[in-house]
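Visitor: Chains as they are written, first to last, in the numbering used here: chain L, 1 to 359; chain A, 360 to 630; chain P, 631 to 892.
Worth flagging that the hints you see were computed from the coordinates, not collected in a lab. Relax, there's no trap hidden among the hints.
The list that follows gives simulated cross-link-like pairs (lysine to aspartate or glutamate, DMTMM-like), each with its CA atoms no further than 25 Å apart: (1) P:LYS634 / L:ASP18; (2) L:LYS184 / L:GLU32; (3) A:LYS522 / L:GLU97; (4) P:LYS640 / A:ASP529; (5) L:LYS324 / L:GLU308; (6) L:LYS346 / L:GLU255; (7) A:LYS522 / L:GLU98; (8) P:LYS640 / A:ASP524.
Label-pair ranges, simulated between beta-carbon atoms: (9) P:LEU645 / A:ILE547: 19 to 27 Å; (10) A:ILE455 / L:GLU69: 42 to 50 Å; (11) L:LEU137 / P:SER690: 54 to 62 Å.
Since the structure is predicted, the reported quantities are computational estimates derived from the model, not experimental observations. All residues carry an ideal CB built from backbone N, CA and C; glycine is no exception.
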Amino acid sequence: MHLSKNLIDLVDITKSWDGTCVLDELNLSIKENEFLTLLGPSGCGKSTTLRILGGFVTPDKGRVIFDGEDITSLPPNKRNLNTVFQKYALFPHMTVEENIAFGLKISGKSDAYIKDKIQYALKLVNLDGYEKRKPTLLSGGQQQRIAIARAIVNEPKVLLLDEPLGALDLKLRQDMQYELIRLKNELGITFIYVTHDQEEALTMSDTVVVMNQGYIQQMGTPEQIYNEPENAFVADFIGDSNIIDATMIQDELVEILGVKFPCVDSGFGNNKPVDVVIRPEDLILGTPGTGRMDGTVTHVIFKGVHYEMEVMANGFEWLVQSTKAFPVGTEVSLDVDPYNIQIMNKPASEDEKAVAIDE
Amino acid sequence: MNKRKLLAGPYMVWAAGFIILPLLIVLYYGLTNADGGFSFANFIAITDPMHLKALGESLLIAFGSTVISLVVAYPLAYILSKMQGGKSGIIIMMFILPMWINFMLRVLALQMILSNNGLLNALLGFLHLPLQHIMYSKTAILIGMTYDYLPFMILPIYNAMCKIDRDLLDAAADLGAGRLQSFRRIIIPLSLPGVISGIIMVFIPSISEFAIADILGGSKILLIGNVIEQEFSLSSNWNLGSGLSIVLMIFIFISMAIMNRTETDEEGTSV
Amino acid sequence: MSKKPSLLEKCYVGLIFFLLYAPILILIVCSFNASKSRVVWGGFTFDWYIALFQNEEVLSAIRTSLMLTFSAALIATLLGTFACIGMSVFKKNSRQTMMTITNIPMLNADIVTGIAIMLLFVRFWNLGFMSMLVAHVTLGVPYVILNVMPKLNQTSRITYEAAMDLGASPVYAFWKVVLPDIMPGIFSGFLLAFTISLDDFVITYFTKGAGMNTISTMIYQQARRGINPEMYALSTILFLLILVVLWIVNRSTASRPQEQSN
Numbered sequence: 001m002h003l004s005k006n007l008i009d010l011v012d013i014t015k016s017w018d019g020t021c022v023l024d025e026l027n028l029s030i031k032e033n034e035f036l037t038l039l040g041p042s043g044c045g046k047s048t049t050l051r052i053l054g055g056f057v058t059p060d061k062g063r064v065i066f067d068g069e070d071i072t073s074l075p076p077n078k079r080n081l082n083t084v085f086q087k088y089a090l091f092p093h094m095t096v097e098e099n100i101a102f103g104l105k106i107s108g109k110s111d112a113y114i115k116d117k118i119q120y121a122l123k124l125v126n127l128d129g130y131e132k133r134k135p136t137l138l139s140g141g142q143q144q145r146i147a148i149a150r151a152i153v154n155e156p157k158v159l160l161l162d163e164p165l166g167a168l169d170l171k172l173r174q175d176m177q178y179e180l181i182r183l184k185n186e187l188g189i190t191f192i193y194v195t196h197d198q199e200e201a202l203t204m205s206d207t208v209v210v211m212n213q214g215y216i217q218q219m220g221t222p223e224q225i226y227n228e229p230e231n232a233f234v235a236d237f238i239g240d241s242n243i244i245d246a247t248m249i250q251d252e253l254v255e256i257l258g259v260k261f262p263c264v265d266s267g268f269g270n271n272k273p274v275d276v277v278i279r280p281e282d283l284i285l286g287t288p289g290t291g292r293m294d295g296t297v298t299h300v301i302f303k304g305v306h307y308e309m310e311v312m313a314n315g316f317e318w319l320v321q322s323t324k325a326f327p328v329g330t331e332v333s334l335d336v337d338p339y340n341i342q343i344m345n346k347p348a349s350e351d352e353k354a355v356a357i358d359e
Numbered sequence: 360m361n362k363r364k365l366l367a368g369p370y371m372v373w374a375a376g377f378i379i380l381p382l383l384i385v386l387y388y389g390l391t392n393a394d395g396g397f398s399f400a401n402f403i404a405i406t407d408p409m410h411l412k413a414l415g416e417s418l419l420i421a422f423g424s425t426v427i428s429l430v431v432a433y434p435l436a437y438i439l440s441k442m443q444g445g446k447s448g449i450i451i452m453m454f455i456l457p458m459w460i461n462f463m464l465r466v467l468a469l470q471m472i473l474s475n476n477g478l479l480n481a482l483l484g485f486l487h488l489p490l491q492h493i494m495y496s497k498t499a500i501l502i503g504m505t506y507d508y509l510p511f512m513i514l515p516i517y518n519a520m521c522k523i524d525r526d527l528l529d530a531a532a533d534l535g536a537g538r539l540q541s542f543r544r545i546i547i548p549l550s551l552p553g554v555i556s557g558i559i560m561v562f563i564p565s566i567s568e569f570a571i572a573d574i575l576g577g578s579k580i581l582l583i584g585n586v587i588e589q590e591f592s593l594s595s596n597w598n599l600g601s602g603l604s605i606v607l608m609i610f611i612f613i614s615m616a617i618m619n620r621t622e623t624d625e626e627g628t629s630v
Numbered sequence: 631m632s633k634k635p636s637l638l639e640k641c642y643v644g645l646i647f648f649l650l651y652a653p654i655l656i657l658i659v660c661s662f663n664a665s666k667s668r669v670v671w672g673g674f675t676f677d678w679y680i681a682l683f684q685n686e687e688v689l690s691a692i693r694t695s696l697m698l699t700f701s702a703a704l705i706a707t708l709l710g711t712f713a714c715i716g717m718s719v720f721k722k723n724s725r726q727t728m729m730t731i732t733n734i735p736m737l738n739a740d741i742v743t744g745i746a747i748m749l750l751f752v753r754f755w756n757l758g759f760m761s762m763l764v765a766h767v768t769l770g771v772p773y774v775i776l777n778v779m780p781k782l783n784q785t786s787r788i789t790y791e792a793a794m795d796l797g798a799s800p801v802y803a804f805w806k807v808v809l810p811d812i813m814p815g816i817f818s819g820f821l822l823a824f825t826i827s828l829d830d831f832v833i834t835y836f837t838k839g840a841g842m843n844t845i846s847t848m849i850y851q852q853a854r855r856g857i858n859p860e861m862y863a864l865s866t867i868l869f870l871l872i873l874v875v876l877w878i879v880n881r882s883t884a885s886r887p888q889e890q891s892n
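Work out the full structure: start from the sequences and follow the hints.
Guide: The structure is reproduced here in structure tokens:
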């Protein structure tokens with residue numbers, strides 16, 4: 001993957017609606033050719049960020065730099081980026097063909113060029129032959145593809161996608177994820193994608209930006225976000241996890257629920273309270289006495305790929321995933337490898353704690 | 360389930376007795392002469408120069424008031440649809456309110472203003488402008504009809520405009536459309552159904568109108584509505600009145616069919 | 631894209647607003663004018679209102695109007711609501727035929743509807759209060775059906791069947807589940823039928839019996855004769871009455887916001 005210079009810079013963006021702050025001094029850089037996902041619960045400010053990029057919302061403060069130019073006050077129709085709207089926003093009075101041709105006609109392209117482009121775009125989204133249909137008669141997935149086709153024929157440098165798969169059913173959503181990755185690679189442009197679905201974000205993105213309450217919580221590759229969450233909110237929001245209060249005894253040694261565990265993190269200081277994240281699939285079950293803790297299985301559910309169990313040990317209900325089932329009541333041991341223990345600083349202020357607890 | 364169907368029974372009897380049957384009676388009268396013999400004379404009577412002139416005047420005035428209403432109401436509905444939040448409900452209500460005010464009352468109010476020694480001329484005289492003899496002219500009838508039926512044009516267009524998804528306007532802007540282009544290519548075509556029902560709601564009452572013509576036009580101008588009315592009230596030639604009524608009805612249904620055609624055509628070909 | 635109207639646009643709204651209301655306002659002012667002239671202010675007076683309520687012709691017209699409108703709206707609402715409930719289980723074709731017939735009085739010219747009902751009554755009966763009532767009910771039913779029918783489709787069979795599943799008899803399910811659901815539609819249908827009837831001139835003009843008058847036909851007769859400030863007084867009362875009714879309706883719908891959003 002070739003990632004080069006910054007294409008977009010959001011600088012100190014602040015926006016409030018009716019006195020409620022939605023974005024607070026947000027700074028974000030987006031590279032050329034990147035698939036960047038804004039991920040967060042509803043109301044976290046991700047959609048507002050996207051609408052600021054599209055030009056539909058003007059920030060109260062801050063600047064939007066696009067390709068070296070300040071476009072903060074440029075109206076949407078003058079911006080070289082296109083949006084795929086959440087509910088597609090296809091023009092109901094126009095055919096598929098007319099919808100796709102809309103932007104090209106406005107920019108005054110020749111009929112032959114427009115015709116070629118429509119063919120190309122429809123082929124790209126696997127809907128050739130649908131030119132004369134009315135969008136209202138198409139299925140959700142098909143409307144979605146038309147909306148994408150309508151946006152990309154204008155050859156934008158950036159495609160903004162606002163929860164575009166939200167209205168589709170699970171199977172279709174998974175298919176469309178692969179479609180989008182393929183499309184992005186074929187087009188070679190920047191995708192900025194908004195979703196509240198962590199799985200979607202991890203599957204498709206080069207970079208994931210986790211947002212909550214108008215702040216960026218963490219930005220990184222999907223692996224970084226999943227394996228090394230920087231705070232409890234991110235750990236909790238991305239996948240299942242056990243989040244436990246713990247004390248950092250010294251570098252590479254942490255005490256969890258009265259038991260000392262070796263770990264790989266350092267630099268937190270000695271005897272410092274921290275949060276610890278252990279993913280349920282990283283906990284190792286064994287016969288009593290073979291691990292660092294002993295406990296009792298309290299719940300078992302079959303999940304298809306694995307069993308999900310709850311194990312009561314040292315006063316904490318651990319979420320454990322394993323391919324092997326242990327019946328309820330079984331005495332087991334629990335252990336975890338040092339590199340699977342993720343240490344995080346406690347939230348600095350009460351404010352941040354509130355943010356974490358809120359979710 | 361079958362018992363539930365019976366609940367529609369009284370209305371079905373009512374509809375047969377008071378919607379279908381009366382129209383059949385009109386048809387019967389229209390197709391017979393004074394002696395009860397079968398005749399097409401009452402239909403052909405529309406070609407009588409006086410009747411043709413009345414029909415022509417009616418069409419002209421109805422067309423005029425429809426066009427004026429549309430030109431006035433369309434921008435108004437557009438502006439109103441842009442207003443959002445607390446006060447907008449009341450503002451729209453104020454524009455719809457005249458629909459609910461007794462029709463005769465509004466005619467009376469206009470009569471007061473337009474008459475030769477009425478308020479308009481008093482105002483013009485005060486400003487030393489030439490007095491206007493609007494009363495008892497086609498202009499007076501045109502003003503009267505436009506004034507009376509304007510709210511019926513505003514409401515459906517406003518409703519259609521409000522139904523337009525704001526996302527569509529965002530999408531148009533996103534694809535490079537300026538305000539004018541968005542208006543021409545999104546708002547106008549999507550508000551068309553409202554325009555069509557507005558036109559129907561203004562044109563149909565206008566073309567058969569006789570009371571406005573009677574009060575504001577004096578008895579000088581005869582519209583087809585006046586002709587029909589007089590056949591029943593003055594001449595007691597019910598056969599002729601019925602025949603002309605049916606001709607009027609046919610005119611209305613033809614114009615409605617044309618309007619509906621326009622609507623579907625527009626949908627099919629607009630680019 | 632600016633979403634707020636500009637100053638120019640606001641001026642336009644104001645101008646149309648002025649043109650719509652100026653005539654009515656002048657009418658109201660004139661109803662308090664002691665001078666019979668429409669342009670000279672002769673001092674404030676309630677005389678026209680007093681005269682109005684001593685005029686037996688006017689009072690009888692008001693009585694006729696109120697009786698006619700109330701009973702017509704009530705009958706139209708009952709007839710229309712039952713029709714909707716019955717028609718909702720009709721097969722598609724017969725329901726469509728019924729709806730087409732229902733639309734006739736609404737789409738046809740009033741003058742034709744009026745003449746048709748008049749001819750029916752003259753031929754088989756005679757003109758009087760009954761013929762007016764029949765005409766007004768016929769005019770009002772389509773509006774009731776138009777308001778109730780969509781509500782009934784929304785409810786669909788689901789809640790009705792759910793109630794029966796829970797042990798309710800069809801009649802009980804109807805009263806407790808279906809009726810409350812379509813009540814707003816019935817209410818607005820009634821109000822529409824009421825105002826249409828109160829407003830009607832043309833159909834009343836043709837179907838009224840000799841010597842009878844409603845408010846509309848009386849104003850018409852007076853307007854043809856010339857100026858009569860008593861009519862201005864009557865109009866003012868009518869205007870204020872409509873304002874009050876609409877205000878009440880508006881308040882009652884405002885307290886049910888979820889209904890409005892539908």
